[in-house]
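Visitor: Sequential numbering from 291 applies to the sequence shown in our numbering.
Simulated from the structure, these hints should not be mistaken for lab results.
From the three backbone atoms N, C-alpha and C, an ideal C-beta is built for every residue, glycine too.
A couple of the hints might just be wrong.
What the hints assert, rightly or not - Label pairs and their calculated CB-CB ranges:
#, residue 1, residue 2, range
1, Arg349, Asp316, 34 to 40 Å
2, Ala300, Ala329, 26 to 32 Å
3, Leu298, Ala321, 19 to 25 Å
4, Ala300, Ala323, 18 to 24 Å
5, Asp320, Leu344, 30 to 36 Å
6, Ala307, Arg333, 27 to 33 Å
7, Asp320, Glu340, 31 to 37 Å
8, Pro306, Arg333, 27 to 33 Å
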Amino acid sequence: HTELGLALAAAVDAAPAAVVCEMLDDETGDALAPEDAAAYAARNDIPYVEGAALVEAFR
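Taking the hints into account, I'd like the entire structure generated from these sequences.
Guide: Here it is, written out as structure tokens:
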């Protein structure tokens with residue numbers, strides 16, 4: 291996650307800094323499933339981007 295954040299910063303000529311957080315499932319405490327994270331983002335009007343999509347875009 292950190293590397294992707296720094297790559298995004300570099301792509302837009304921003305300072306090499308990133309804040310990363312892990313979304314957790316409130317029932318299990320495990321990492322939130324990608325489909326649940328995407329649904330949360332959609333409900334709250336937050337952009338959701340998969341790391342794999344970023345890697346592919348930078349190739």
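Visitor: Arginine 349 and aspartate 316, beta-carbon distance inside 34 to 40 Å?
Guide: Holds - the Cβ-Cβ distance for arginine 349 and aspartate 316, about 36 Å, lies within 34 to 40 Å.
Visitor: Do the beta carbons of aspartate 320 and glutamate 340 sit within 31 to 37 Å of each other?
Guide: violated, 18 Å
Visitor: Taking the beta carbons of leucine 298 and alanine 321, is their distance inside 19 to 25 Å?
Guide: 20 Å Cβ-Cβ, so the 19 to 25 Å window holds.
Visitor: Between proline 306 and arginine 333, does the beta-carbon spacing fit 27 to 33 Å?
Guide: holds, 32 Å
Visitor: Kindly confirm whether 18 to 24 Å is satisfied by the beta carbon distance between alanine 300 and alanine 323.
Guide: violated, 29 Å
Visitor: Using the Cβ atoms, figure out if alanine 307 sits within 27 to 33 Å of arginine 333.
Guide: For alanine 307 and arginine 333 the Cβ distance comes to about 28 Å; the hint holds.
Visitor: Check the following: the C-beta atoms of aspartate 320 and leucine 344 are separated by a distance inside 30 to 36 Å.
Guide: violated, 23 Å
Visitor: Just to be sure I understand the hint, the distance between the Cβ atoms of alanine 300 and alanine 329 should be within 26 to 32 Å; is that true here?
Guide: holds, 30 Å
Checked against the numbered hints given earlier, this structure breaks hints 4, 5, 7; the rest are met.
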